[in-house]
Amino acid sequence: MKYIDEFRDGRLAAGLARAIAREAAPGRDYAFMEFCGGHTHAIARYAVTDLLPPTVRMIHGPGCPVCVLPIGRIDMAIRLALARPDVIVCTYGDCLRVPASGGLSLLKARARGADVRMVYSPADALALAVREPAREVVFFAIGFETTTPPTALVLHAAAAQRLDNFSVLCNHVLTPAAIAAILESPEVRELGTVALDGFVGPAHVSTVIGSRPYERFAAAHRKPVVIAGFEPLDVIQAIRMLIRQVNDGRAEVENEFTRAVTRDGNRKAQALVADTFESRPSFEWRGLGAVADSALRLRPAFARWDAERKFALDDRPVPDHKACACGAILRGVRTPTDCKLFATACTPETPMGACMVSSEGACAAHYTYGRFRAAAQRTD
Amino acid sequence: MCLALPARIVELLDGELCRVELGGVRKEISLALVDGAALGDYVIVHVGYALTRLDPAEAERTLALFAEAGLDPAAARDHPDAQRGSST
Ligand code: SF4
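Going down the list, the sequences are from chains A and B. In terms of numbering that gives the first Met the number 0, the first sequence opens at residue 0 and continues consecutively. In terms of numbering that gives the first Met the number 0, the second sequence opens at residue 0 and continues consecutively.
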């Protein structure tokens, strides 16, 4: 497929790998965090780490929206759907299997009689509300800056059509705030647990917000950021660009994904989001805890379509499963195989933690693609 | 969840909609977030919405950079096959 296959070419990958081998300085280690689940997936699926010298280590960051969604927010949707038979909760497929409290998930709540439906697009949820005027349709909205503008569009459409049986339970979160939390969290500062030399920056998030928001990290934390596409060659080239920055002592924002990302991003989408949402003073992230100004809620002008206000939902934070190491994995402090439950009690069919649910989660990616290679290497 | 793929616009429809093609599959998506997209353009599609246009000239430039990395004369010299027997 055009603009996909060319960026998976094995011969070009070998050339890039040679370039990395020649540019990585002997006697020094490099640790880079790929922020997005899309990169984690590409690295696992195309065995990108096999092409890197052993001195270059990739750390999986918290950039999978399903993985960072805390239990309390899913509980909220489940409570609503179970308590109100007139409510239909709609959400993206990935969210349905995330483990919540009491052994439940949205999917299991459905088996207990809740009306929970999967949608591919927020427009589908809106269309359902039009078709079912006697029901309350609640769109459980999650995601980073890529899914937020579509949610904003359906909110505007609901307002324009005065569609009062539609509302949004908003869990949209902000990428730059999460990167800041990783760099500034006391755990990381005090324990020095994750020594990071730079970030592979988000691909599709950056098509919307542009590369400009990362400039302050690069400057304030002296961490290079290279925005990269989600194909394997994009990731490899970004790693090469990061190595070069580290070698040169530079900490800049560079853009590997110039075919889709500009410095300013999609201004139309940004204006729409600003018009629809405002910052939440604090939001709980799985693995990162409460992060200030890291999430969005509906502006008062959209209060009628805000499920939290409409159904007076309260947010009750719930600690993660004790044995699940998702929190440490999302911070880059531990790897999936460090978790006792990995590939035993916790598999993609029976996920115990969110990192095993989405194919972009570190645990699911390692379970699907990395496990057998790791086993083969051990027996070598 | 955040994966989105480049798809080609094969038909412009009413109401800021269009039809895109991706690997032989056709799908109706919204162009409401992208101004000025034309027939034949590639757009990056996510949850039924185009997020941005893909710039073919930049895609070519990126591929040329990849190719250059492999062709670098130093690459041949530093290639593990060429290093056999050397002191490094
Ligand atoms: S293997 Fe399962 S339980 Fe362990 S950290 Fe990963 S998702 Fe959590």
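Just so you know, these hints were derived from the structure itself, not from any lab. Idealized CB from N, CA, C, for every residue including glycine. Treat the hints with caution; some may be incorrect.
As the list claims (entries may be wrong) - Which stretches of chain B does chain A cover? Using the computed rule of at least three CB atoms under 8 Å from a CB of chain A, they are:
id	stretch
1	4 to 13
2	34 to 48
3	55 to 64
* Going back to the hint list, which numbers does this structure go against? -> Of the numbered hints given earlier, the structure breaks none, since each of them holds.
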